[in-house]
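Number of protein chains: 2
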Amino acid sequence: MSRTRSWWGWGCVEDAVGAAEREALIARVAATMPGAVAAAHEPPDVATLDLPPVRLVPPASLARLCSTEPADRAAHSRGKAFRDVVRNLSGDLRDVPDLVVRPVDEQDVVDVLDWCSRVEVAVVPYGGGSSVVGGVEPRLDRDYAGVVSLDLGRLDRVLEVDRTSRAARIEAGVLGPRLEDQLRPYGLTLRFFPQSFEFSSLGGWLATRAGGHFATLHTHIDDLAESLRVVAPAGIAQSRRLPGSGAGPSPDRLFLGSEGILGVITEAWLRLQDRPRWRRRASAHFADYPAAVEATRAVAQSGLYPADCRLLDPVEAFVSAGVATGGGVLMVGFESADHPVDAWLDRAVTLCREHGGTVSERPRAVGADDGTAPDRATAAWRSSFLRMPYQRDALAQHGMIVETFETACTWDRLPALHAAVSEAATAAMREICGGGVVTCRFTHVYPDGPAPYFGIYAPGRWGSQVRQWDELKAAVSDAVAASGGTITHHHAVGRDHRRWYDAQRPDLFAAALAAAKQQLDPAGVLNPGVLLPARPGRV
Amino acid sequence: MSRTRSWWGWGCVEDAVGAAEREALIARVAATMPGAVAAAHEPPDVATLDLPPVRLVPPASLARLCSTEPADRAAHSRGKAFRDVVRNLSGDLRDVPDLVVRPVDEQDVVDVLDWCSRVEVAVVPYGGGSSVVGGVEPRLDRDYAGVVSLDLGRLDRVLEVDRTSRAARIEAGVLGPRLEDQLRPYGLTLRFFPQSFEFSSLGGWLATRAGGHFATLHTHIDDLAESLRVVAPAGIAQSRRLPGSGAGPSPDRLFLGSEGILGVITEAWLRLQDRPRWRRRASAHFADYPAAVEATRAVAQSGLYPADCRLLDPVEAFVSAGVATGGGVLMVGFESADHPVDAWLDRAVTLCREHGGTVSERPRAVGADDGTAPDRATAAWRSSFLRMPYQRDALAQHGMIVETFETACTWDRLPALHAAVSEAATAAMREICGGGVVTCRFTHVYPDGPAPYFGIYAPGRWGSQVRQWDELKAAVSDAVAASGGTITHHHAVGRDHRRWYDAQRPDLFAAALAAAKQQLDPAGVLNPGVLLPARPGRV
Chain Y
0 MSRTRSWWGW
10 GCVEDAVGAA
20 EREALIARVA
30 ATMPGAVAAA
40 HEPPDVATLD
50 LPPVRLVPPA
60 SLARLCSTEP
70 ADRAAHSRGK
80 AFRDVVRNLS
90 GDLRDVPDLV
100 VRPVDEQDVV
110 DVLDWCSRVE
120 VAVVPYGGGS
130 SVVGGVEPRL
140 DRDYAGVVSL
150 DLGRLDRVLE
160 VDRTSRAARI
170 EAGVLGPRLE
180 DQLRPYGLTL
190 RFFPQSFEFS
200 SLGGWLATRA
210 GGHFATLHTH
220 IDDLAESLRV
230 VAPAGIAQSR
240 RLPGSGAGPS
250 PDRLFLGSEG
260 ILGVITEAWL
270 RLQDRPRWRR
280 RASAHFADYP
290 AAVEATRAVA
300 QSGLYPADCR
310 LLDPVEAFVS
320 AGVATGGGVL
330 MVGFESADHP
340 VDAWLDRAVT
350 LCREHGGTVS
360 ERPRAVGADD
370 GTAPDRATAA
380 WRSSFLRMPY
390 QRDALAQHGM
400 IVETFETACT
410 WDRLPALHAA
420 VSEAATAAMR
430 EICGGGVVTC
440 RFTHVYPDGP
450 APYFGIYAPG
460 RWGSQVRQWD
470 ELKAAVSDAV
480 AASGGTITHH
490 HAVGRDHRRW
500 YDAQRPDLFA
510 AALAAAKQQL
520 DPAGVLNPGV
530 LLPARPGRV
Chain D
0 MSRTRSWWGW
10 GCVEDAVGAA
20 EREALIARVA
30 ATMPGAVAAA
40 HEPPDVATLD
50 LPPVRLVPPA
60 SLARLCSTEP
70 ADRAAHSRGK
80 AFRDVVRNLS
90 GDLRDVPDLV
100 VRPVDEQDVV
110 DVLDWCSRVE
120 VAVVPYGGGS
130 SVVGGVEPRL
140 DRDYAGVVSL
150 DLGRLDRVLE
160 VDRTSRAARI
170 EAGVLGPRLE
180 DQLRPYGLTL
190 RFFPQSFEFS
200 SLGGWLATRA
210 GGHFATLHTH
220 IDDLAESLRV
230 VAPAGIAQSR
240 RLPGSGAGPS
250 PDRLFLGSEG
260 ILGVITEAWL
270 RLQDRPRWRR
280 RASAHFADYP
290 AAVEATRAVA
300 QSGLYPADCR
310 LLDPVEAFVS
320 AGVATGGGVL
330 MVGFESADHP
340 VDAWLDRAVT
350 LCREHGGTVS
360 ERPRAVGADD
370 GTAPDRATAA
380 WRSSFLRMPY
390 QRDALAQHGM
400 IVETFETACT
410 WDRLPALHAA
420 VSEAATAAMR
430 EICGGGVVTC
440 RFTHVYPDGP
450 APYFGIYAPG
460 RWGSQVRQWD
470 ELKAAVSDAV
480 AASGGTITHH
490 HAVGRDHRRW
500 YDAQRPDLFA
510 AALAAAKQQL
520 DPAGVLNPGV
530 LLPARPGRV
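Protein sequences appear in the order of chains Y and D. Okay, so the first sequence: first residue is 0 according to numbering that gives the first Met the number 0, each after it adds one. Okay, so the second sequence: first residue is 0 according to numbering that gives the first Met the number 0, each after it adds one.
Bear in mind the hints are in silico, worked out from the structure with no lab data behind them. Think of the CB as a built atom: it goes at the ideal place given N, C-alpha and C, for glycine as much as any other residue. Some hints here could point you the wrong way.
Stated by the list, open to error - One side of the interface only, derived from the structure: several residues of chain Y facing chain D at Cβ under 10 angstroms:
1) D104
2) L158
3) R208
4) P339
Unchecked claim - So these bits of chain D aren't anywhere near chain Y, every CB distance computed over 12 angstroms:
5) S1
6) R63
7) D341
8) H496
As the list claims (entries may be wrong) - From the derived model, a few chain Y residues whose C-beta atoms are all more than 10 angstroms from chain D:
9) A30
10) H40
11) A46
12) E68
13) I235
14) A515
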C-alpha cells in the first residue's frame, strides 16, 4: 500500500508505465510516426546527482522543519513539465533549493517568512509540486542568500465542516485524495478533479486558479473558494466567509492566481457539493469538425450545464479514444445529487443530432449510479486521460517530445485559432523534429467560448529535447497569443509562460500587482520571477 | 414620451406617486403604524437652492463638455439613498460638484483626468446616479481645488456585437433600457435587471459589482464581464476578451467593485444571452419560517438554478404581496431560451412540498411565453418591487423613514443573523422612532447561503430624519456585521458603508488596494474617500 513518489517524473514509482503498456504505447506511436521512438534512457540514481552545496543554516527554532537530504532537494527543484522531466532524466539539476522546509502549523509559516525576509532568502511555496510551468523551480532573476522550498504537505487536514452550508475549512497543503477521504464521511465532495488530482494540493489549486475536469459551471477553484487565509511577510489576511459580496474588489480574487508571490495560502473555506447520485452520458460522432464545434457551442449556450462536454478532434479521438471519425467526438454527461438528469441529457442529445451528430447512448439508469457505465469512447478516453502523464514520461525516456498547450478563446475566434495553432505546431515540429502529430480537445466550454487543449507528439533527439521543446513551445505559444487566446487557461503562468503573460495582461495591472506585492512582501522574497520580474535587491 | 429626471428623488417626475397611489399607500402604512404618516413636504424649487459658488474654470479645450447649471450641479451632488432624498427635500445641499463634465468619447475622459490630476481636482465618476451608499457624493476627506462630476451618460452605444460568442462591446455610460434596445435586434439580452435598471449604467454596475434580479447563477455583473477597458490617470488598461483564463490574478476583478477609485471604466465586452422563450413559475406558502428557509436552501443546493428564488418572510409577504402566511412565500421561476423548463420546475415544486410548502402552480405553458403569467402573489410582488423607490420617496415626504439593509451570509449563520438584525432594527426603531416594521426577503440564493434584504418602515420626525436614519443605519449595520454578514451584497460601499467595510476587508488587502491606487491614480483625485481614506494631498 505504501507508494513512493518519483523524484524525476510524474506521480508514484509503482504506477509508472510497465513493460506491456510501454510496448503497446510504442507500437501506437510507431504506427503514426515510424522511427520516432528511440531506446529508453533510465533516470540517474538520485544519490549520484551533483547538487550545488547548501548555502543556508536555518535558525535553531526552525531546524526541526528543515531537510537538506539530496533526494528532497532534487525532488523540490522543479515541477513536472516535460521540460522538467527531461532535465531530470539527464541529471541536469542546477537551481536547487538549499532547504526543504515543512511547516506543521501556521506559526511555522509565519516564522519561516520572517526569517527569510530578514536574511533575504527566496521562498518558493510548494504544494504537490505538479507545476508544468516552472512555478516551483527556483530559477531566480536576482541574487538571494539562498532558497527555501516551503513544502506545505503537512498542513493536510479538514479542520471544520459546515454541513448546512456545504462548506469546509481546509488546510492548504492537502492533496486531492486525502481531502476527499476526509469529506466522504459527511457525504460531501469538493468535486474538483484536475488531471493532477492525486499529486496537487488545495493551496496549489487556489494559487494557480486551477480548473477541475468538469466542463461547465463550478469547475474552477476560483468559484469554489468561499474565503482564504493567507500568510504574507507583512501579516495575515483572512477574508470573511460569504456566499457573495459586493464590498469592494474581491480580496480573494487578488490571491487567487497569485502563484505564491503575495503570500502563502494556509487554509481556506471551500464550497462543497453533495456526492452525485444520478448520471447520464452520451457521445456524438461527427462527420466534419465545424459541425462538431457548432454542436458543442449549442450545448455550451443551452443553459443545460453538463458536467462533461468534451469535444475531441478527429486526431485526438483516434489517438486517445481509438475512434475513427471525420469530425471528432463530443462526449456529454450530466450528473446530480438531487434529481435524475434525463431531461437534461435528452435535450443535449437533440442538440447534437440537430447539428449532424450520430449519438450512441447508454440505456437509462433505473436509479442511481448503476447502469450508467460510460460508452466505449468515453471509457477509453478516460483511462487514457489518467495515464497520460505517465505515458508522457515513458515517451520522454524514449527521446520523444510530448507537450500540451491549453488556452481559451471566444467562439468567433476559434476557427482561426484552431487553424493557426495546428499549423504553427505542425510547421514547428516539421522544422525542429522532422514531423509530428497535433491533437485538440476542449477541456472546458463556456457560453462565450471553449478552452481548447492541444497536444503535440514529435520525435526528439536525446540530448536536444530541451532546446527542441523550447523552440516548439515558443512557436506554438506565439500562435496562441496572436490568435487572441490566453497563454494559460488552467496551467498557470509560472516562469515558462512569463513572456506571453507579460504581453497579455494590461501593463497598468502589472504595475498595480507589483505595488500590492511591495506592500505584502516588502523584501521581495516570495517566489521571485513568477508573474512579475523580481525587484532589485534592497542593498 | 419625453420624461424628466427628478433632481431630488428617484427616477422620472412623471412616474412619481400620484394621488390615488399615495392615498392607498398611506392607508396601508396607517393600518400597521397608526399616526406614522405626517403631512407631505414638497421639494424646493431647484432654482432657489443656495449652492456653493463654482471654484473651477475648465481649460478651453474641455469647456464644451462642462456644465455649471444649478440644476445639473444639484442633481449630481448625491445619489438616491433615503438620506439623499431627505436632504434634497429639505434643500440641504452642501457638497456639490463645481462642474458636471460630460465626455463624448474616451479621449475626453483621458483629457479630464489629465487636467484634474494636474490641478488636483477631485473626480467623481457618475453613471446613472442611483447610488444609495454615497458613492457619487463629493463628501471628501481632504481638500481639493474643486470637484468634477464626470457624467458618462453620452457614452451610451453598443459598439460591436459578436453573435456567435454572444457578447458585445458596450460603452459604459449606457443606461439599462437603451442598452436592451440596442441588443434586441440581435435577439440578445444582457439579462441584467437590477431594481435601478432604468436609471443605472453599465459602468456603474461594473464599478459596484451590482446584482441583477435573477436569483442564481449568472446574475452578478462580475460574471457577465468578458473584458474591461479602464482609463486611469496613469494610462489605459484593456484586458483581453476571454471566456476563462488562469493567467495570474484576474485583472478585471481588480476593477470590478473599485467604485471609481482606480480608473473610469469606459467600455466593456459583456456576455449576453438569447432572449428567453420558455418560462414557468410557482409559489409555495409555508406555515413556519424555518421550514420555508429549509425549502429555499434545498432549491438553492439542488443544482436546478432557478431564475427566480425569492423567499418573502411573513411580514414582507403581507406588506408587499398582500398574502397572509405563517411562514412566508417562496417564489420560484425558471426560464430558458433553449428548452421547456417543466422538469426543472417540477423538481423545485417537489422540494417545496417535501419541506411543507403549499404550492399554487399555473397551468403549463403550451409553447413559449403565453400562458405563463405569474400567480397572484408573484404579480403583486413584482409590481410592488418596481414602485418601491417611488413609494419610498413619497413616504419620505410624509416624514417616514424607509430604508433597506442587504447582506449575504452562509446558511448556518442565517437564523442568528435574521434574528439579530430583526431585533436590532425593531429595538432601534422603537428607541429612535417609537416603533416600526421590519421585513425580510432573499434577493439571491447561493448553494452556501442566501442574500437577505431587510426593509424597515418607521415614523420619523420631519427635520430629524437624517439623524434618525444615521442612528438606525448604524444600529442595524452593526448587527449585520456582528452576525458575520457582508455590509453589502450588491449596493456597494461608497461612503456610507465605509465604517463596516473597513472592519470587514482584510487590512492587508486594503494596503494592497491603496498601493494599486497610488500606481493608477498618483495624484489621488479619483472618487476620494470611497473604499479607502483619501491620501494626504501632495502639498
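Against the structure, the hints come out as follows:
no., hint, verdict
1, D104, "violated, 20 angstroms"
2, L158, "violated, 15 angstroms"
3, R208, "holds, 4 angstroms"
4, P339, "holds, 9 angstroms"
5, S1, "holds, 34 angstroms"
6, R63, "holds, 28 angstroms"
7, D341, "violated, 8 angstroms"
8, H496, "violated, 7 angstroms"
9, A30, "holds, 34 angstroms"
10, H40, "holds, 33 angstroms"
11, A46, "holds, 37 angstroms"
12, E68, "holds, 33 angstroms"
13, I235, "violated, 7 angstroms"
14, A515, "violated, 4 angstroms"
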